[in-house]
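**Student:** Now for the letters of each chain:
Protein chains: 2
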Amino acid sequence: MTTADGQHESKRLALGVLASGTGTNFDAIAAAIDDGRLQADIAVLICNRTEAKVLAKAKTRGIHCLLIPHAEFPDRETFDTAVADALEAAGTELVVLAGFDRIVTAALLDRFTNRMVNIHPALLPAFKGTDAQAQAADYGVAIAGATVHFVDEHMDHGPIIVQAAVPVAPGEDAHTVQQRILAQEHRIYPYAIQLFAEGRLRVDGRNVVIDGRPAPDDSALISPPIPW
Amino acid sequence: MTTADGQHESKRLALGVLASGTGTNFDAIAAAIDDGRLQADIAVLICNRTEAKVLAKAKTRGIHCLLIPHAEFPDRETFDTAVADALEAAGTELVVLAGFDRIVTAALLDRFTNRMVNIHPALLPAFKGTDAQAQAADYGVAIAGATVHFVDEHMDHGPIIVQAAVPVAPGEDAHTVQQRILAQEHRIYPYAIQLFAEGRLRVDGRNVVIDGRPAPDDSALISPPIPW
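Just so you know, the protein sequences line up as chains X and U, in that order. Our numbering numbers the first residue of the first sequence as 1 and each following residue consecutively. Our numbering numbers the first residue of the second sequence as 1 and each following residue consecutively.
Hints listed in this document are in silico derivations from the structure and should not be mistaken for laboratory results. We put the beta carbon where it would ideally sit given N, CA and C, even for glycine. Treat the hints with caution; some may be incorrect.
Footprint (simulated), chain X over chain U, 3 or more residues, beta carbon under 8 angstroms [as the list claims (entries may be wrong)]:
| no. | region |
| --- | --- |
| 1 | 82-95 |
| 2 | 116-126 |
| 3 | 129-143 |
| 4 | 165-179 |
| 5 | 186-192 |
| 6 | 213-222 |
Here are a few chain X residues that face chain U, going by a calculated C-beta distance under 7 angstroms [stated by the list, open to error]:
| no. | residue |
| --- | --- |
| 7 | Leu67 |
| 8 | Gly140 |
| 9 | Ile160 |
From chain U, some residues computed to sit far from chain X (all C-beta separations above 10 angstroms) [as the list claims (entries may be wrong)]:
| no. | residue |
| --- | --- |
| 10 | Ala43 |
| 11 | Glu51 |
| 12 | Glu77 |
| 13 | Arg102 |
| 14 | Pro159 |
Same shape as in the complex, but just chain X:
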């Protein structure tokens, strides 16, 4: 679409957000929409847990919310089909996993190939699965991080879109490390979605090619920092 003054105006991307918990990444995405960094709308928020705080947050924002309790379905596939139907009914163009605690099966994934993203609190492929921050702390890493990736049939495995690295000191309090990673999650997730909204992402095997991506520079994060 072109406006009267000749500017190209992108159609806003319709997001379907799947969440199970507190919804801090939901908050970050909604805030990025509010302040114009993210040209998208949350078409539907689907939650699988009655008690999840994210439900009230979405309702307060006037977002279309659906509670689809997984426990009421006989198996994963039936649940995933119901979720996929609801996502499509809402016009979802990109599925955003935001603390969604169910494994996604082909019944859902195949209907959103290369149109489903997830965020994981580690520098993948390190520390897949649950309690990634605790895994990193137990290993004694000096650098931790977060990864936004397309979802494929393997857990925490699909092509990587954006990563963020942060320093950690071995022996640090786990909550402190988690909050430091979360602060970066809240930056990179809306940004990765905006790249998708701008049509700049292309999946080529394991690579996510980003149109207009600047060449990497000499910047580095060193932990502990070097005083030289």
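Mind docking chain U on chain X? Use the hints.
**Tutor:** Chain U in isolation, oriented as in the chain X frame:
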């Protein structure tokens, strides 16, 4: 030792460097010694390959060099015992693996427990083993890096001292990525050795506790960079 003006003067750390190849990390360590960043001396350079370029480099610097060809020994243990004997004869306090292409067995390791360091061109525990940069490229990571760690009985596994993260763009030329990582290796390896020389490292299980380590700050490396 205390000098006449009351300054504490550390005894210089005696390094035993094991190398098999070009010796770019050897160069970086020698340069850091030359310019005073690293208070250490290379007591001996031991090389297991006749054709390795690092030998000529060390000789040019007047460093005590030993060629100990592994192929002339009946097994790993016999070779490692000869290496350990040579390291001890030179007064080695810290063993520095600098592109050493042999697996280190207990015959050598047990004589330098928590006194042997290695550098690996990846953010461990990701991409252990050979061709780490190629492994990272094949995976399609957006952030790669390097790790200095104490050596234990498992490959690329011991407690982590310093890590450096660098941005990469999926699909980049492998040599470009390797050079970007190498530039950081050449910074963090001398620094990690200097921390050891200052007596500031203590191994506590998987954690390397660094005396006087500054608390991690809010710095982060994001790849690709976010324009917001």
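**Student:** Give a verdict on every hint.
**Tutor:** Quick rundown of the hints versus the structure:
1. 82-95: violated (count 0)
2. 116-126: As far as the region 116-126 of chain U goes, the hint holds, because 4 residues have Cβ atoms under 8 angstroms from chain X.
3. 129-143: It holds, with 6 qualifying residues against the three required.
4. 165-179: holds (count 8)
5. 186-192: holds (count 3)
6. 213-222: Check passed, 10 qualifying residues.
7. Leu67: violated, 33 angstroms
8. Gly140: holds, 4 angstroms
9. Ile160: holds, 5 angstroms
10. Ala43: holds, 23 angstroms
11. Glu51: Nearest chain X Cβ is 32 angstroms from U/Glu51, so the label holds.
12. Glu77: Non-interface label stands for U/Glu77: nearest chain X Cβ at 29 angstroms, farther than 10 angstroms.
13. Arg102: holds, 25 angstroms
14. Pro159: violated, 6 angstroms
Checked against the numbered hints above, the structure breaks hints 1, 7, 14 and satisfies the rest.
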